[in-house]
Amino acid sequence: MSMLIFERSSAGRRLSILPEKPVEIEQYIPSECLRRQDLDLPQLSENDISRHYTELAKRSHGVNDGFYPLGSCTMKYNPKLNEAMAVLPGFCDIHPLQPLASIQGCLQVMAEAQKYLAEITGMDAVTLQPGAGAHGEFTGLLLIKAYLHSQGQLARNKIIVPDSAHGTNPASATMAGFSVINVPSDEEGYVDLDLLQAAVGDDTAALMLTNPNTLGRFDKNILQITKIVHDAGGLCYYDGANLNAVVGLVRPGDMGFDVVHLNLHKTFSTPHGGGGPGSGPVGCKSFLAPFLPGRLAMEEEDGTYGWLLPEQSIGDVKAFYGNFLVAVKALSYILTLGADGLAAAASQSVLNANYLMKQLSASYDMACDGLCMHEFVMSLEKLKQQTGVSAMDVAKALLDYQMHPPTMYFPLIVHEALMVEPTETESKETLDQAAQAYLEIYRRACSDPESLHKAPQTTPVGRVDEVGAARNPRLKFGD
Amino acid sequence: MRIPQDLQYTKSHEWVKLYDEGTKAKVGITDFAQNQMGDIVFITLPEVGNSVTAEETLTDFESVKAVSDIYSPVSGDICAVNEELADAPELLNTDPYAAWIVELENIGDTVELLSADAYEAYCKEQEEA
Chain G
1 MSMLIFERSS AGRRLSILPE KPVEIEQYIP SECLRRQDLD LPQLSENDIS RHYTELAKRS
61 HGVNDGFYPL GSCTMKYNPK LNEAMAVLPG FCDIHPLQPL ASIQGCLQVM AEAQKYLAEI
121 TGMDAVTLQP GAGAHGEFTG LLLIKAYLHS QGQLARNKII VPDSAHGTNP ASATMAGFSV
181 INVPSDEEGY VDLDLLQAAV GDDTAALMLT NPNTLGRFDK NILQITKIVH DAGGLCYYDG
241 ANLNAVVGLV RPGDMGFDVV HLNLHKTFST PHGGGGPGSG PVGCKSFLAP FLPGRLAMEE
301 EDGTYGWLLP EQSIGDVKAF YGNFLVAVKA LSYILTLGAD GLAAAASQSV LNANYLMKQL
361 SASYDMACDG LCMHEFVMSL EKLKQQTGVS AMDVAKALLD YQMHPPTMYF PLIVHEALMV
421 EPTETESKET LDQAAQAYLE IYRRACSDPE SLHKAPQTTP VGRVDEVGAA RNPRLKFGD
Chain R
480 MRIPQDLQYT KSHEWVKLYD EGTKAKVGIT DFAQNQMGDI VFITLPEVGN SVTAEETLTD
540 FESVKAVSDI YSPVSGDICA VNEELADAPE LLNTDPYAAW IVELENIGDT VELLSADAYE
600 AYCKEQEEA
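Respectively, the protein sequence lines represent chains G and R.
According to our numbering, the first sequence holds residues 1 to 479 in order.
According to our numbering, the second sequence holds residues 480 to 608 in order.
Please keep in mind that the hints were generated in silico from the structure rather than gathered at the bench.
No experiment lies behind these values; they were computed from the predicted model shown.
Ideal Cβ placement from N, Cα and C applies to all residues, glycine included.
Hints may contain errors.
[Said to hold, decoys possible] Chain R is faced by these chain G residues, among others (derived, beta-carbon under 7 Å): (1) D302; (2) Y305; (3) L412; (4) V467; (5) A470.
Build out the structure end to end from the sequences listed, making use of the hints.
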């Protein structure tokens, strides 16, 4: 194990030497608010810190290290041009409260990002404020709630969610104060129209749907689905997590959806997670626009940019303007690719997924027959029954082939699921290498299953005890 | 897979033991359920005094694979919860039929309850599907 940064600490070592205090500021602070002990911070030189984090970085795996086909996460390559745009001083060295005249360029970026995202989704207005996908879901549901209440439709308090949905959908609906109705999928993984028809009624607030769904299938009944919900007086929410398969080709607005969230850190090539931050813009049709949160950037008649405050806004869902620099990166991506480029990227993501699926289907069972969209789901149930090798074992073994495992045990409707999303930014060579690794692991499962239970063998950390960590967590260093 | 004869079962893989002439009940999850979920690491214990409705969510539990709901086989009032599970959720894996989750009184409606033999047939059907 490498050392923690606290273990590298040496008392008195400093990164920089602070000047003497010009005034005794303690005299201005009530004595009960003054700290009596020094903060327990690690004390290191810049060189120590740099080596510490470089060492940690070498032990991790990111898109820059190798193949990362984490299903439903769209771990595509993040072009360096996006980063170059986001570090321009005009975007970085600003304050959220400075006069509008001095940040016209930033407002223009926001206005253009809103405009392009609205065009791409087939919506009329977009807010950039939500901080990530689930936050976007929550925001979209609050829009629906505010609209229904403004219409006096207080009894519409149920959100319909198919059983193939992302787990965040029912969670967001519950957080927003709705109750959730689950609708089972049919045998092919599509929304069961009869069951949907039976589920809608006077209490339906909305349907939340991902299309393509989590099995990687485009629901061919999508127009009927949204019509059933609209005819019952409900609204339709599009979870944009899987937009990468169709961006530039079809639009949620044309499928009949009223609200949509996007994950800029998936489809629009901005970094994920801790390296992000994320961004989950929400688009909506015009009848929901008066309820949007925060403020929207807009072009005034004289060509300058200012703020539009939605009349019946649900209020802020995040401080100021959302993760602005992420919007800069997404706009950089959109302008670089253009309309044709975005559509080509979507098509390539689908081609790559089908190319890999076809090779893997020589050994592995697929959750559904036929072509997939941008991702596909395998079921290792039979392999587990025959050899004892689980989806977890295969995922761990892939680490020894210097690639990130696919998403495991999701969607829940497929047993021993592995969900693979290669994205459009991987070459044929990478896909061929990945296929060889997956197929070799399958052969090992049949000939030497024990070796897979012990995987990974070559990583800095081997098989971790996830059960022990969850049942007996040790959350404090030094105990 | 163990399916004790003296219990009744639901299609959502809970077991229920009715006693005191059907006025009281203990509820837990079946061997099939714990096996499907894998290592269970957490269960939310409902509050004593709460009322539950047959077929609606009783509580939820978590394994390393997923979070899942447990549905109430009966309507009634919760008169006791198995506090032991808070610190030792693994009992749901090691001995699911001893690891009762809640005790209910004032039993009203029930969902369709299966005998041990009918439940065994149902599980086989599920595995083959």
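Here's how the hints hold up against the structure:
1. D302: Violated, because the Cβ-Cβ distance from G:D302 to chain R comes to roughly 54 Å (cut-off 7 Å).
2. Y305: violated (45 Å)
3. L412: Interface hint status for G:L412: holds (6 Å vs cutoff 7 Å).
4. V467: holds (4 Å)
5. A470: holds (4 Å)
Of the numbered hints listed earlier, those contradicted by the structure are 1 and 2.
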